[in-house]
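Engineer: All chains, please: the whole structure from these sequences, using the hints.
Protein sequences appear in the order of chains A and B. Heads up: the first sequence is residues 75 to 393, going by our numbering. Heads up: the second sequence is residues 75 to 393, going by our numbering.
Just so you know, these hints were derived from the structure itself, not from any lab. No incorrect hints appear here.
If several chains are the same, the list does not tell them apart, and a pair holds so long as it fits within one copy or across any two.
With a cut-off of at most 16 Å between alpha-carbon atoms, the simulated EDC-like pairs for lysine to aspartate or glutamate come out as follows:
{"hint": "1", "residue 1": "202", "residue 2": "300"}
{"hint": "2", "residue 1": "188", "residue 2": "213"}
{"hint": "3", "residue 1": "315", "residue 2": "229"}
{"hint": "4", "residue 1": "315", "residue 2": "295"}
{"hint": "5", "residue 1": "290", "residue 2": "350"}
{"hint": "6", "residue 1": "321", "residue 2": "341"}
{"hint": "7", "residue 1": "290", "residue 2": "352"}
Protein chains: 2
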Amino acid sequence: MSSSQSLICTRLTELLGIDYPIVQGGMVWAAGSRLVAAVSKSGGLGLLGSGSMYPDVLREEIHRVKAATDKPFGVNVSLRRDDSQALLQIVLEEGVPVISCSLGNPNIYVDMMKERGVKTMHVVTNTKHAAKAEQAGVDALIAVGIEAGGHPGPDELALMTLIPQLRDATSLPLVAAGGIVDGRGLAAILALGGDGVQIGTRFIATDESAVHANYKKMLVEAGATDSVLIGRNVELVRVLKNQFTTKFIAAQNAGASADEILMLLREGRPKITLKDGDMQNGQVQAGQGVGMIRDIVPTAELMRRIVGQYWHAKSTMPG
Amino acid sequence: MSSSQSLICTRLTELLGIDYPIVQGGMVWAAGSRLVAAVSKSGGLGLLGSGSMYPDVLREEIHRVKAATDKPFGVNVSLRRDDSQALLQIVLEEGVPVISCSLGNPNIYVDMMKERGVKTMHVVTNTKHAAKAEQAGVDALIAVGIEAGGHPGPDELALMTLIPQLRDATSLPLVAAGGIVDGRGLAAILALGGDGVQIGTRFIATDESAVHANYKKMLVEAGATDSVLIGRNVELVRVLKNQFTTKFIAAQNAGASADEILMLLREGRPKITLKDGDMQNGQVQAGQGVGMIRDIVPTAELMRRIVGQYWHAKSTMPG
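Structural biologist: Here's what the structure looks like:
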């Protein structure tokens with residue numbers, strides 16, 4: 075499938091053994107084995123989102139990806155989770171080629187992964203965390219900008235400034251995440267000095283993503299200014315405006331405490347929208363690029379589009 | 075001077091008759107005739123910042139630019155200002171080649187400018203305002219992202235998502251503003267579908283900018299995460315952290331009213347820092363790219379660097 079278009083080679087594609095520098099974010103509930111296998115088959119890197127999986131489910135999902143493709147894929151693990159050690163163990167036992175981790179100390183996992191040949195990517199949001207991750211020996215960094223759906227970093231740096239600053243601060247391959255939905259975004263990131271992109275929200279609006287149909291529909295219908303950052307100073311999250319955010323913002327403006335804010339975020343947990351399809355009473359996590367999502371497509375078609383848009387964007391730059 | 079490097083031709087350079095698609099923002103107190111003439115002489119477009127000028131001063135400054143160069147230049151006018159009509163009149167009388175306007179209805183000035191051959195650029199922050207400006211007949215749009223110093227739009231869209239969305243919504247030449255300090259940023263914007271960049275903060279840290287030396291020094295010393303957005307829901311402004319922002323944020327967290335917020339912003343007006351050099355008791359407006367500013371340079375040297383970085387960034391993109 076990927077052979078129909080010219081490869082886009084960067085240090086990231088070399089590191090991971092993939093055709094295009096496109097990583098699919100390991101989103102809770104959305105990034106199951108079907109989506110991951112489809113992305114990896116198409117020449118990108120699919121990441122299983124372990125955040126919504128019990129350890130046994132993760133193992134099954136890994137088996138399903140392996141049954142569907144022999145291309146490289148990975149698992150995303152939040153180190154904040156109580157049972158993260160169990161998840162890391164499964165990644166090792168199953169010989170998963172790539173792991174991406176967030177919200178924790180990279181020293182916890184990097185050495186044991188590298189010993190077994192697992193490539194490691196660590197999520198960072200500023201140069202300080204990048205330096206720590208580089209020192210710990212990770213193979214690549216995933217840099218999350220303020221544009222990202224879900225949890226961007228508290229520093230609120232946009233990719234336009236975050237990527238070149240990280241490029242100046244580290245020699246590691248850099249993957250940019252946040253608001254990127256097409257090949258123009260990929261071209262921009264490579265121009266800024268990045269080595270690839272991680273795309274989240276756009277991959278939810280595919281045939282293969284595991285979320286409720288209502289969620290995909292809402293992504294397609296949302297406009298450019300429909301996402302909003304809530305929970306500042308407590309737990310920052312980018313979501314689409316709905317009844318939940320109206321209630322949340324009213325509580326915040328009325329001076330809700332940090333505990334009350336956290337309780338509201340738990341009450342509106344992403345499962346309500348992603349899995350149950352109730353699009354008004356929970357968090358609809360989505361990035362700032364949502365206004366550019368206009369259809370639900372097969373993953374292979376989306377990958378072809380992104381690659382084609384990259385070549386077009388590059389060829390139309392002056393000079 | 076500009077002849078030593080290959081031109082970067084876009085629809086913007088064609089429209090304005092310049093060598094490189096680089097506009098210098100018309101920043102209050104900073105963008106006087108020295109800076110403007112230096113930028114225009116170097117092949118970009120300098121914009122006089124009329125925001126800190128009485129009408130008579132603006133006229134004198136226009137004369138000084140004309141005496142220094144016959145290259146195209148422009149004036150930035152805030153339509154919110156009480157005497158904006160007087161400023162527009164001076165632009166017409168003096169035959170200034172380009173005008174950029176913000177914070178108002180483009181219908182007020184577009185026709186009279188176009189009749190006299192003045193090229194018009196209008197500042198927008200979302201697709202809705204872009205459509206209005208296009209309908210009014212402006213020649214180009216200046217799209218301001220959340221990365222920008224001073225006043226980004228209330229929609230808080232980052233350039234990574236704002237530029238491609240505007241590209242899909244309008245056929246006008248698009249100039250991106252916010253957080254761009256080097257040629258990598260220029261390359262990224264052209265990849266996203268923009269036709270040029272407007273650079274503000276970086277041009278303050280030049281020999282020719284008119285601000286107090288303390289201001290330039292603070293820009294050079296600031297790090298990646300030293301800028302902050304304050305005044306949400308009242309008057310959004312991006313500034314560097316200092317005693318003023320500490321006081322401001324404390325008042326905001328204590329539930330200050332919109333009137334109190336506005337009063338604090340007036341008390342800390344930019345003149346205190348830009349002109350008087352008191353860097354603790356006023357707004358230090360600066361964009362999110364401030365962490366990448368590491369020296370104070372002659373404007374011609376900065377322009378050469380940006381152009382060189384563009385060619386390097388483009389040539390190192392895969393394919």
